[in-house]
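Novice: Sequence:
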Amino acid sequence: MQRNVLDAQLADIKQQLQAMGEQVRSALQQALASLQQGDAAQARQVVDGDAGINRMEHELEERCIRLIATQQPVAKDLRKVTAALRIAGELERMADLAVDIARAVIRQQPSPADPVMPDILRMAAVVEEMIRQALVAYVNEDLAAARNLAVLDDEADRLYRGILEELFSRRPDDQGRIAQAMAFAFIGRYLERMGDHATNVGEGVVYIHSGERIDLN
Numbered sequence: 331m332q333r334n335v336l337d338a339q340l341a342d343i344k345q346q347l348q349a350m351g352e353q354v355r356s357a358l359q360q361a362l363a364s365l366q367q368g369d370a371a372q373a374r375q376v377v378d379g380d381a382g383i384n385r386m387e388h389e390l391e392e393r394c395i396r397l398i399a400t401q402q403p404v405a406k407d408l409r410k411v412t413a414a415l416r417i418a419g420e421l422e423r424m425a426d427l428a429v430d431i432a433r434a435v436i437r438q439q440p441s442p443a444d445p446v447m448p449d450i451l452r453m454a455a456v457v458e459e460m461i462r463q464a465l466v467a468y469v470n471e472d473l474a475a476a477r478n479l480a481v482l483d484d485e486a487d488r489l490y491r492g493i494l495e496e497l498f499s500r501r502p503d504d505q506g507r508i509a510q511a512m513a514f515a516f517i518g519r520y521l522e523r524m525g526d527h528a529t530n531v532g533e534g535v536v537y538i539h540s541g542e543r544i545d546l547n
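Each residue of the sequence shown is one higher than the one before, starting from 331 at the first, in our numbering.
Any given hint could turn out to be false.
Ranges between beta-carbon positions, derived for each pair [claimed, not checked]: (1) Arg416 x Ala338: 18 to 26 Å; (2) Gln332 x Ala515: 47 to 55 Å; (3) Glu389 x Val335: 16 to 24 Å; (4) Ile508 x Arg416: 34 to 42 Å; (5) Arg437 x Arg543: 35 to 43 Å.
Calculated directly from the structure, the hints in this document are not laboratory data. Built from N, CA and C at the ideal position, the CB exists for glycine as well.
Given the sequences, and given the hints that come with them, work out the whole structure.
Specialist: This is how it looks when you write it as structure tokens:
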């Protein structure tokens, strides 16, 4: 009976994490849409929605702590619980970075027509795919998908370097151009950090299955 209870609770935690991850993906998509459209009102929706994602993290933490206290999992089951705690934290940080992108739209209003925008969107597409694959790796216990995050992370980093090179090669003709360049540089940095957190989720998947702590970043 206890085994069935533990399995059911672990399955519920996995389902909650998947739902939280989808909320994070949605926040990123909405933040990017506000950037493309120069829509500060839409960006504010991302900021306002962050409280809900924070609540999801807190609920997951409480659930994991109760499971440890009442079921006393060991070996792989314990790794699943501790990895879930870590993954919830990674997802919450990704949501915070989506909020940072939205706040950049609100404060600095970077121009959707800026020549660097296509590169920002290409990088964002890679990062969004990283989040998707990280969730697939976790839900399906797919080690190959987890390890492939390192390949995607390299691509995101390559695009980020290209964005910085383009931005800082511009002539600082006026304060407006400098402000635009800095806004996009920060947005690129937020995306790069989201990719790093996605690889950390992949590391958590590997840890669940082998107990091995690897660096996919």
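Novice: Look at the Cβ atoms of glutamate 389 and valine 335 and judge whether their distance stays inside 16 to 24 Å.
Specialist: At roughly 19 Å between Cβ atoms, valine 335 and glutamate 389 fall inside 16 to 24 Å, so the hint holds.
Novice: Could you see if the CB distance from isoleucine 508 to arginine 416 stays within 34 to 42 Å?
Specialist: At 39 Å between Cβs, range holds.
Novice: Evaluate the given range 35 to 43 Å for the C-beta pair formed by arginine 437 and arginine 543.
Specialist: The hint (35 to 43 Å, Cβ to Cβ) holds, given that arginine 437 and arginine 543 are roughly 38 Å apart.
Novice: Does the Cβ distance between glutamine 332 and alanine 515 fall inside 47 to 55 Å?
Specialist: holds, 53 Å
Novice: May I ask you to test the hint 18 to 26 Å on the CB atoms belonging to arginine 416 and alanine 338?
Specialist: Taking Cβ atoms as reference, arginine 416 and alanine 338 lie about 22 Å apart, which means the hint holds.
Violation of the numbered hints given earlier is absent; every hint is satisfied by the structure.
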